[in-house]
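Given these sequences and hints, build the entire structure.
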Amino acid sequence: MKKKLTLATLWLDGCSGCHMSLVDVDERLIDVAGIYDIVFSPLVDVKEFPEKVDVTLLEGAISTDEDVEMVKRVRKSTKTLIAFGDCAVTANVPSMRNHFKLEDVFKRGYLETTPGNSIIPDEKLPKLLEKAYPVHHFVHVDVFLHGCPPSADNIFYTLVEIAEGRTPELSKRARFG
Amino acid sequence: MSSSVKIKTLTIDERQVGAREDQTILEVARENGIRIPTLCYLKGLSPYGGCRMCIVEIAGSPKLLPSCMTTVEEGMVVSTQTERIKKYRRSLLELYFSERNHVCSVCATNGYCELQSMAQEVEMTHVHFPYMYPHLEVDATHERFVLDHNRCISCTRCVRVCEEVEGAHTLDIKDRGIDVRIITDLDQPWGESETCTQCGKCVHVCPTGALIERGKSVGEMSKRKQLLPYLTKMREAQK
Amino acid sequence: MTPEDFKKIGETHRKKRDGFDYTINVCTAAACVSLQSDKVKDELTRQVKEQDKKDVCRISGTGCLGLCASGPLVTINNDQALYGGVKPEDAAEIVKNIDKKPVKRLQIPADMPFFARQTKIALEHCGKTDPEVIGDYLALEGYEALYNCLTTMEPVEVIDIMVKSGLRGRGGGGYPVGLKWSTVHKAVGAKKFVICNADEGDPGAFMDRSMLESDPHSIIEGMAIAGYAVGASHGYVYIRGEYPLAIKRLKAAIRQAERQGFLGKNICETPFSFDVEIRLGAGAFVCGEETALIASIEGRRGTPRPRPPYPAQYGIWGHPTLINNVETFANISPIVRKGADYYASIGTERSKGTKVFALAGSINNTGLIEVPMGITLREIVYDIGGGILGGKKFKAVQTGGPSGGCIPEEYLDMKVDYESLAQVGSIMGSGGMIVMDETSCMVDVAKYFMDFCQSESCGKCAPCRVGTAQMYNLLNLISQGKATMHDMELLEELCDVVRNTSLCGLGQTAANPVLSTIRFFRDEYLAHINDKKCLAGVCVIEHKEEPVL
Numbered sequence: 001m002k003k004k005l006t007l008a009t010l011w012l013d014g015c016s017g018c019h020m021s022l023v024d025v026d027e028r029l030i031d032v033a034g035i036y037d038i039v040f041s042p043l044v045d046v047k048e049f050p051e052k053v054d055v056t057l058l059e060g061a062i063s064t065d066e067d068v069e070m071v072k073r074v075r076k077s078t079k080t081l082i083a084f085g086d087c088a089v090t091a092n093v094p095s096m097r098n099h100f101k102l103e104d105v106f107k108r109g110y111l112e113t114t115p116g117n118s119i120i121p122d123e124k125l126p127k128l129l130e131k132a133y134p135v136h137h138f139v140h141v142d143v144f145l146h147g148c149p150p151s152a153d154n155i156f157y158t159l160v161e162i163a164e165g166r167t168p169e170l171s172k173r174a175r176f177g
Numbered sequence: 001m002s003s004s005v006k007i008k009t010l011t012i013d014e015r016q017v018g019a020r021e022d023q024t025i026l027e028v029a030r031e032n033g034i035r036i037p038t039l040c041y042l043k044g045l046s047p048y049g050g051c052r053m054c055i056v057e058i059a060g061s062p063k064l065l066p067s068c069m070t071t072v073e074e075g076m077v078v079s080t081q082t083e084r085i086k087k088y089r090r091s092l093l094e095l096y097f098s099e100r101n102h103v104c105s106v107c108a109t110n111g112y113c114e115l116q117s118m119a120q121e122v123e124m125t126h127v128h129f130p131y132m133y134p135h136l137e138v139d140a141t142h143e144r145f146v147l148d149h150n151r152c153i154s155c156t157r158c159v160r161v162c163e164e165v166e167g168a169h170t171l172d173i174k175d176r177g178i179d180v181r182i183i184t185d186l187d188q189p190w191g192e193s194e195t196c197t198q199c200g201k202c203v204h205v206c207p208t209g210a211l212i213e214r215g216k217s218v219g220e221m222s223k224r225k226q227l228l229p230y231l232t233k234m235r236e237a238q239k
Numbered sequence: 001m002t003p004e005d006f007k008k009i010g011e012t013h014r015k016k017r018d019g020f021d022y023t024i025n026v027c028t029a030a031a032c033v034s035l036q037s038d039k040v041k042d043e044l045t046r047q048v049k050e051q052d053k054k055d056v057c058r059i060s061g062t063g064c065l066g067l068c069a070s071g072p073l074v075t076i077n078n079d080q081a082l083y084g085g086v087k088p089e090d091a092a093e094i095v096k097n098i099d100k101k102p103v104k105r106l107q108i109p110a111d112m113p114f115f116a117r118q119t120k121i122a123l124e125h126c127g128k129t130d131p132e133v134i135g136d137y138l139a140l141e142g143y144e145a146l147y148n149c150l151t152t153m154e155p156v157e158v159i160d161i162m163v164k165s166g167l168r169g170r171g172g173g174g175y176p177v178g179l180k181w182s183t184v185h186k187a188v189g190a191k192k193f194v195i196c197n198a199d200e201g202d203p204g205a206f207m208d209r210s211m212l213e214s215d216p217h218s219i220i221e222g223m224a225i226a227g228y229a230v231g232a233s234h235g236y237v238y239i240r241g242e243y244p245l246a247i248k249r250l251k252a253a254i255r256q257a258e259r260q261g262f263l264g265k266n267i268c269e270t271p272f273s274f275d276v277e278i279r280l281g282a283g284a285f286v287c288g289e290e291t292a293l294i295a296s297i298e299g300r301r302g303t304p305r306p307r308p309p310y311p312a313q314y315g316i317w318g319h320p321t322l323i324n325n326v327e328t329f330a331n332i333s334p335i336v337r338k339g340a341d342y343y344a345s346i347g348t349e350r351s352k353g354t355k356v357f358a359l360a361g362s363i364n365n366t367g368l369i370e371v372p373m374g375i376t377l378r379e380i381v382y383d384i385g386g387g388i389l390g391g392k393k394f395k396a397v398q399t400g401g402p403s404g405g406c407i408p409e410e411y412l413d414m415k416v417d418y419e420s421l422a423q424v425g426s427i428m429g430s431g432g433m434i435v436m437d438e439t440s441c442m443v444d445v446a447k448y449f450m451d452f453c454q455s456e457s458c459g460k461c462a463p464c465r466v467g468t469a470q471m472y473n474l475l476n477l478i479s480q481g482k483a484t485m486h487d488m489e490l491l492e493e494l495c496d497v498v499r500n501t502s503l504c505g506l507g508q509t510a511a512n513p514v515l516s517t518i519r520f521f522r523d524e525y526l527a528h529i530n531d532k533k534c535l536a537g538v539c540v541i542e543h544k545e546e547p548v549l
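Chains as they are written, first to last, in our numbering: chain R, 1 to 177; chain V, 1 to 239; chain W, 1 to 549.
One or more of the hints may lead you astray.
[As the list claims (entries may be wrong)] Listed next, the in silico BS3-like pairs over lysine-lysine satisfying Cα-Cα at most 30 Å (straight line):
(1) V:Lys-225 to R:Lys-172
(2) V:Lys-8 to W:Lys-191
(3) W:Lys-16 to W:Lys-101
(4) W:Lys-16 to R:Lys-76
(5) W:Lys-49 to W:Lys-96
(6) W:Lys-532 to R:Lys-72
(7) V:Lys-87 to W:Lys-482
(8) V:Lys-43 to R:Lys-172
(9) W:Lys-54 to W:Lys-96
(10) V:Lys-233 to R:Lys-172
(11) R:Lys-127 to W:Lys-54
(12) R:Lys-52 to R:Lys-4
[As the list claims (entries may be wrong)] Cβ-Cβ distance ranges computed for the label pairs, FRET-style:
(13) W:Lys-415 to V:Arg-84: 33 to 41 Å
(14) R:Lys-127 to W:Lys-415: 38 to 46 Å
(15) V:Asp-187 to W:Gly-261: 43 to 51 Å
(16) R:Ile-119 to V:Asp-179: 38 to 46 Å
(17) W:His-486 to V:Arg-84: 19 to 27 Å
(18) R:Val-44 to V:Pro-134: 38 to 46 Å
(19) V:Asp-187 to W:Leu-245: 19 to 27 Å
(20) V:Gln-238 to W:Leu-245: 37 to 45 Å
(21) W:His-486 to R:Glu-69: 18 to 26 Å
These are computed hints drawn from the structure, not numbers from a lab.
We put the CB at the ideal spot given by N, CA and C, even for glycine.
This is the structure in structure tokens:
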């Protein structure tokens, strides 16, 4: 039996839909578990991102200073980094705030939509960047797995291909949106 | 066809094809089942030559030419899918996606959009040019239709169908460069337009979610692609 | 009207002029007018009256004398004395000394290299005639070329002269004029048109404006000869609305020419009819592109369409149309008069004749010049141009405007012709020539031109519309010291995409200023990116830690 690869999954500025789709791989999860050891994920209880990971599925756009730090850290530790889903690939829905001023975004988010609230929290929260960015704006991405969310089939296909040492060919399989 | 029309033979992607002398490369390619991607071209409307997706290589010409507006010539050798052209098409499409706020996942035409499917066709997996994120309006003043500038690619199919087929000329284009916008009447809100006949042709020729029917939610706005061919056919039958 | 008739008009006019001992010519082209040459002219007229020299001295307005840097310019009897920087209060002294020694403190030596090194063909009348008086033009063999063409030559013979002269389109493309004329001549069409492209739009260029302000009749005559050669009976001058003086003079000239029978029906009592109309542009750069220009004349949005078909086959309203620019038309009548061989004897093997340049930027003698093709850049910059302003160090010369490139010092001894300029990544262009010294930042220059292109892009095709805006943003980042080498790669990639996929010349050449500055001044780009430094000290780079990137 081949040595298992390590897999990390990460959830930054996204809705977790891509992770849901990962779970939608259904009974094939058993196959995935046969090839990969999940070493870091919202689905497992590990606090620190490991020093060395073979494959990372990165969901979500990069929206805060913490995200930037994290994505750089992940890049350093990961052999094959997969931008996982439209938010990671295009910044998608999080980017819809990009043509507004940050100040207006906060006002809308904390004041106008929350009657009675007069405080915009600014402590202990990650600092929001001026814009939400796709992952490849900051670090090199090895595989773009687009879709909102990417289909379970495409996720499974990608993981298997990488495990087999091939480059997944997603341009014709996957679709934005 | 009158007997004076001459027939030309040419090669498209290493296939010998015959064509009438007044036909464009694109028309001949399509007749022969050779697919050339297009965005601004639409059969039944005047050719525009603006989207540049249909560029092809012609042996002996250093310039890439739009197949939608280049007429055939005897002995022409056309290549539609060279690596060079494929690379340019991908770059062009990335420029489209970077220009405005094309968020497919929350678009009424998600699943029916030509820009979206073009990404698959030209094998674009991501946009490596910086996104421009312009602040753009949505004109929802019309009782039946919505014009969302965020999703417009300025192909002017709507402008052309409104002028050439409907004859209303409600839609037109203003400003230039990156600031070009589709406008209604003299840049008034669509809902206040006095010339709009509410025919909806613009909506159904629009390749993206820039023009949709009011009330359509994400993934609900399919476009009636047969509309224009049907109209053209009926008009020809009347003549 | 026979040539005798209009020679008579010219003769009468000449006699009238020769009846005076002195003619004081005051430049009334835009550059000098902006320095109040009109007031100088008024004051000279008043002084002539006051000093009772009305019988021996006449005052005349004249076209551009070229040395705009020293305006307002005044000449006495064309070559007796040349005065520069003349103020209205100098008028009394000039008139007083008219029959004595020239006023030393105002005098510019007429043998200075600026004048001596030029060869004037297109500008032959500029500064010698009053552009508002047709008689002045007739006195200098005006409209004789047209008359000779109409009465002694077949259209093909006229075309043959153009072919033999080797004249190439002076609008920038350099397409052989004879070939273009012959194509339109052969094109089948009940109606044909001639268009004069006077939509001069390059920043820093003012050749067309000066020629129209200084010698409008030569353009009209050139157009009429072209009309005869290609079989057109109608001409348009498409001129930008920002040139009010040129428009005024051209309008007046058209009226005069019509009255004298050089335009209209049965010109010079021959079967040939030709009229000229003016169409004003709103100053969009893209309307200088011939298909956009045609759309604009037709009353449509000024956007280009793919060529072929070329206007020669399918032009205005679908009719075969000849489009040449102002300078090209200005060359026609001299070529017919002096002969193709004369013209072809000037210049280089593949670039014949002369070229008009608008010399601008950091140079002592800014102004309008006409030089033989094949002259070196060094001669233009240092001999004619008088060197760099303030004794600074030369850095580059920019030709071809937003479609051209920057040529560095190492190519100063290069011959100026179409091929040589193209070889170093620039173009001949329509004649804008901007000289830059060591205080110019080449990234900033590239950014300036890209800003121009992105705001002048018509927006019809995606590569030009989005690509130029993207390139401008990247250049902006570089100039602010915020860019990485990855941005530089993107910039170079975009140059390639925009150049190869754009619809018209505007987009296809928009990357040239960037490409040529990267080619010759890469170190400046790298200094901005890696060292966060602008070597010329032009770009403002804030030295603060960026929160991201």
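In ascending order, which of the hints set out earlier in this document are inconsistent with the structure?
4, 10, 11, 14, 19, 20
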